[in-house]
Structure formats: structure tokens, C-alpha cells
Amino acid sequence: MLFTPYEIKETVDMFLRYKLDIRAITLGISLLDCVSASGTETRRRMRDKILRVAGNLVKVGQEIEIEYGIPIINKRISVTPISLIAGASEDKNYTAYAQTLDEVARDLGIDFVGGYSALVQKGLTVGDERLIASIPEALASTERVCSSVNVATTKSGINMDAVRLMGQVIKDAAARTAQKDGLACAKLVVFCNAPEDNPFMAGAFHGPGEGESTLNVGVSGPGVVKAALENHRGASFDEIADVIKKTAFKITRMGQLVGMEAAKRLGVPFGILDLSLAPTPEVGDSVARILEETGLESAGTHGTTAALAMLTDMVKKGGVMASTHVGGLSGAFIPVSEDEGMVAAVRSGSLSLDKLEAMTTVCSVGLDMIAIPGDTSAATISAIIADEMAIGMVNGKTTAVRIIPVPGKKAGDWAEFGGLLGGTPIMPVHNFSSEAFIARGGRIPAPIHSFRN
Amino acid sequence: MNAIVTVVGSDKVGIIARVSAFFAERNINIEDISQTVLSGNFVMMMMVDLSQSSKPLPLVKEELDALGEQMGVSISVMHEKVFSAMHRI
Numbered sequence: 000m001l002f003t004p005y006e007i008k009e010t011v012d013m014f015l016r017y018k019l020d021i022r023a024i025t026l027g028i029s030l031l032d033c034v035s036a037s038g039t040e041t042r043r044r045m046r047d048k049i050l051r052v053a054g055n056l057v058k059v060g061q062e063i064e065i066e067y068g069i070p071i072i073n074k075r076i077s078v079t080p081i082s083l084i085a086g087a088s089e090d091k092n093y094t095a096y097a098q099t100l101d102e103v104a105r106d107l108g109i110d111f112v113g114g115y116s117a118l119v120q121k122g123l124t125v126g127d128e129r130l131i132a133s134i135p136e137a138l139a140s141t142e143r144v145c146s147s148v149n150v151a152t153t154k155s156g157i158n159m160d161a162v163r164l165m166g167q168v169i170k171d172a173a174a175r176t177a178q179k180d181g182l183a184c185a186k187l188v189v190f191c192n193a194p195e196d197n198p199f200m201a202g203a204f205h206g207p208g209e210g211e212s213t214l215n216v217g218v219s220g221p222g223v224v225k226a227a228l229e230n231h232r233g234a235s236f237d238e239i240a241d242v243i244k245k246t247a248f249k250i251t252r253m254g255q256l257v258g259m260e261a262a263k264r265l266g267v268p269f270g271i272l273d274l275s276l277a278p279t280p281e282v283g284d285s286v287a288r289i290l291e292e293t294g295l296e297s298a299g300t301h302g303t304t305a306a307l308a309m310l311t312d313m314v315k316k317g318g319v320m321a322s323t324h325v326g327g328l329s330g331a332f333i334p335v336s337e338d339e340g341m342v343a344a345v346r347s348g349s350l351s352l353d354k355l356e357a358m359t360t361v362c363s364v365g366l367d368m369i370a371i372p373g374d375t376s377a378a379t380i381s382a383i384i385a386d387e388m389a390i391g392m393v394n395g396k397t398t399a400v401r402i403i404p405v406p407g408k409k410a411g412d413w414a415e416f417g418g419l420l421g422g423t424p425i426m427p428v429h430n431f432s433s434e435a436f437i438a439r440g441g442r443i444p445a446p447i448h449s450f451r452n
Numbered sequence: 000m001n002a003i004v005t006v007v008g009s010d011k012v013g014i015i016a017r018v019s020a021f022f023a024e025r026n027i028n029i030e031d032i033s034q035t036v037l038s039g040n041f042v043m044m045m046m047v048d049l050s051q052s053s054k055p056l057p058l059v060k061e062e063l064d065a066l067g068e069q070m071g072v073s074i075s076v077m078h079e080k081v082f083s084a085m086h087r088i
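Protein sequence lines, in the order shown, are assigned to chains A and B. Each residue of the first sequence is one higher than the last, beginning at 0 in numbering that gives the first Met the number 0. Each residue of the second sequence is one higher than the last, beginning at 0 in numbering that gives the first Met the number 0.
So that you can see chain A by itself, here it is in the shape it has in the complex (with noise of 0.2 angstroms):
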């Protein structure tokens, strides 16, 4: 035989025992030839476009789950920044745009649609602003449409005006979603440093920098990895390092063999290969449970950031020795609401949202999917929002926030979202105000090694 009795099972348990998949194949579409003065022209233009790139998709990635044994679980699309593609029209509100690209994702059977975004870590333009004010409006009356906006880089510094509008955002998503316990603000992200080739939602978009159309793939697997160290109780440091690494690197080639033939199919180059170990509410699929297996009674407690600082980075080790081009997060995600794991440690107290926020130092992104109570103000998301940003700006790192006010509940009640977004306890925030902190606007200024020309 060809492959050793040991590897076959190995393979075939990762798949069929430890919930191995291919997160999302992701195509990103450049909508930047659809520009018109003309709104309806415009979405008319995008409306084809995407009918004619990604008309393939979902029936190619049918064939390949099928062919090759692996599940595929999404087939997305993300696209320019609307507030790119929108900005030259006479509108005023982009909403129209986003109830496009929902309909065609629906037309498709496309699950999500990324870009409903803006980059403002500098400035905001009349089109940015159009967009940012129409998230609530877009998200609530849209299904599958995801929205990201950058207001941070560690080259520009971080814009506080756009922190500040974006804590107001996520307060008049929430509401307008309030029967579903805020549902729009698990589709939106605000971003420092946010990568333009992410396959994974809610803050896929396809860079202004990027090609016609590429295919980006997203490949997940913290069941995976848990399964390895379970074989490995009381080993070193050194050595359960070397085997999460081996384990990455096997994953990272099936995506990148995946990721390859798909783009063959589909006609487009291949982009990147993202290995994020990105947990679903599904017991076996989380990334506390393999901060536990490493030695921690409860995700959460004294040790955790040191476990997934070694996870993040022996991910990335094997991972970028698998593919010709790793991009997008890459590392491990720590959700709340959609991790197993982590909902048990917010329940019994070991994890809170200060620990959350030191995690994120060291994770692939940051403070996601998170519910706090429906009366924290907007001045204070937008603090939790700098606070985060701040640790991506100064460390050069993506990081991200993604926060649900839940309206009418408060700390300790349950927040249910569905599906793979799960349902979380709600965390207190401090209660100290943040006011007259965000009320300043203006920018932080880029630090000191953001200056490497």
C-alpha cells in the first residue's frame, strides 16, 4: 500500500472523528469596474458581474466535497469595499447596495457575502461616511451581507472619529435587530491592520490592492488539533510545540491541495491559504478545549494567554511551510458565542472580558463575538473598540472587534444567535465612563516603529 495503515486512519479520523473541514472557499471579486454615476446602473453592473464570476462556485466546491471525501462547509463571496464601488454615485444611502449583493448571494446559494466595508484609518470620505451610517439599516434588512470597517493601521495610526461613529454603529444595529438579540452586529467587524485577503467572515472584503478575482481558502480544524495533544498529556513544552506544528502543516496541505483545484476549476488564481483554527458552537470543534488540553482547568484562568501565544504561532509555523502563499488571519480565533469551550468558561467564571482582551494580543484577531449588556453606552464600545485597536496598532498585528449589545438584557442573561454564531452568557463591561475619552475624536498618531522606510 501506498500510505502506511497509520496515516489512513490518521487522515480519516481528522475528517470523520475530529471534525476536520474547509471552513469557506471564498472568491473575492474586484467590483471596481462597476463603477457608474448611476446607483442602479452600478448595482445592475455588480449584479452581473457576480452572476458571471461566482455563477460556478457552489457547484464546483459540491463536486469537490464529493470527489475528494472533504466537507466543505461555506461557499462565500467578498467583494471591493462598497463604500469604493458606491462613492461615485448620487446616492446617499448605500443600503440598495447591500440588499444586492444579498440577493445575488441568494440567487447563488452563496451563504455569505463580505464587503458591505469602508477603510477609514485615516480619514473618512463622503462615501465612507454614506456607508458607515447605512451598516444598521443594511444589516438588519439583509440576511448574508457581512460588514467590516478598518479604522486603524499600525502605519496610520488609529482614527477615533471613526471609533467613535462605529460605537454608535453597533448600538443602532443592535436595536434595529432587538427580537433576534441584536443578530446585525454579529455580521460586523471593525478592523486595525485588516488583512485584504481574508476568506472568513464576518470581515472578508477583496482588497483595493488584489486581482480581477481570487479564491481564497479558509481551513479550520481545532478538533484536530486537540485529538494530537490528547496523545501528548504531560509531554513538554518543546514537544507538544512540534506536534501542533505537524498537525498544522498536514491540514494546511489538504486545504492548499483544495484551495488549488477549486481556483483550477473556477478559472481564477489561487490567493491564499488561511489556516485559522476557527471553532463552531459544536462540542469537539473548540479552541478553549485545546487551551485546556495543554493544562488549564478553565479557558480563562492564569496560563491561558502563554497556551494560545504557543497555539497562535505553532499554527502559523506549520502552516506556512504547507502552502506557497499563507495570508488572511491565520492562527487560532477565540469567539465566545461560537466556541463550546469558551461559553463554559464565561458560565463558570474563569473567563472575562479583560482576560479576552489580554488573549488578544497573542490570538489571530480579536474580541469576538462577544454579548454585553444592551444599555452599555456607545461611548464605551468605542473605548473597548480603541483599547483593542491599540493592541493591534502598537503590536503590528490584525486585531478586530466583534461586540453585541444585547437590547433589553443584561449581564449574565443568554444571548442566542443561532446556528454556527451560537449563544453566549452576556459579560459585564466596567461601568466607569468613557465618555469624555471619546468625545475628543481627532487621531492617534502612528507609534514610533510604524516608521521603517
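What the hints contain is simulated information worked out from the structure, not anything from laboratory work. Keep in mind that the hints are not guaranteed to be accurate.
[Unchecked claim] Partial list, derived from the structure: chain A residues whose beta carbon lies under 10 angstroms from chain B:
id : residue
1  : Leu1
2  : Phe2
3  : Thr3
4  : Lys8
5  : Glu9
6  : Val11
7  : Met13
8  : Tyr67
9  : Val257
10 : Ala321
Please read all numbers here as calculations on a predicted model, not as lab measurements. We treat Cβ as the ideally placed atom computed from N, Cα and C, and that holds for glycine.
Position chain B relative to chain A; hints supplied.
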């Protein structure tokens, strides 16, 4: 295409015979075969060539699932390239 078929479950009479017959009936050639016991489970592995199969792959998979259910074992089919990608550099 070549696929790796794995059959995992408790050992019993006729597993290889029935799976082999299944492939023969569909004009699917078995290129290689081995079996072993791993962590207490009977594991049979086959490399099969699906290029001359008389039935399309989705249907073959469906029928294999049904056969596995009848025999109380789990049968999976994956592209050989997946194993090459993971285990061969």
C-alpha cells in the same frame, strides 16, 4: 481517479468479500488492499481506480454508505491526493 476506501468497525466474516464484490459489480478495480487492527478496531484499506466505474461517484458513495450500515461498519471514500498531500512531501 484513485480513491482510498477505508472500512472501520468490528471484525466479522465476509467484510472483504462483500466490499470486493460491491466494487466488482460496478467495474471498479481494486489496485491495492491491506488490513490491520488499530486501537482495537478492524481497519481495511483499499486503493481503488474509479475511472472505469459503471456508476457515478455520488451514487457509489451513497450505496457504499448503505452497505456499511448493513454490515455495521463505517466506510469512507477519499481522493488519494488528500493522503499524498498530508503524508508525502
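Quick rundown of the hints versus the structure:
1. Leu1: holds, 7 angstroms
2. Phe2: holds, 5 angstroms
3. Thr3: At 8 angstroms from the nearest chain B Cβ, Thr3 (chain A) passes the 10 angstroms test, so the hint holds.
4. Lys8: holds, 5 angstroms
5. Glu9: holds, 8 angstroms
6. Val11: holds, 5 angstroms
7. Met13: holds, 8 angstroms
8. Tyr67: Holds, about 4 angstroms.
9. Val257: holds, 9 angstroms
10. Ala321: holds, 9 angstroms
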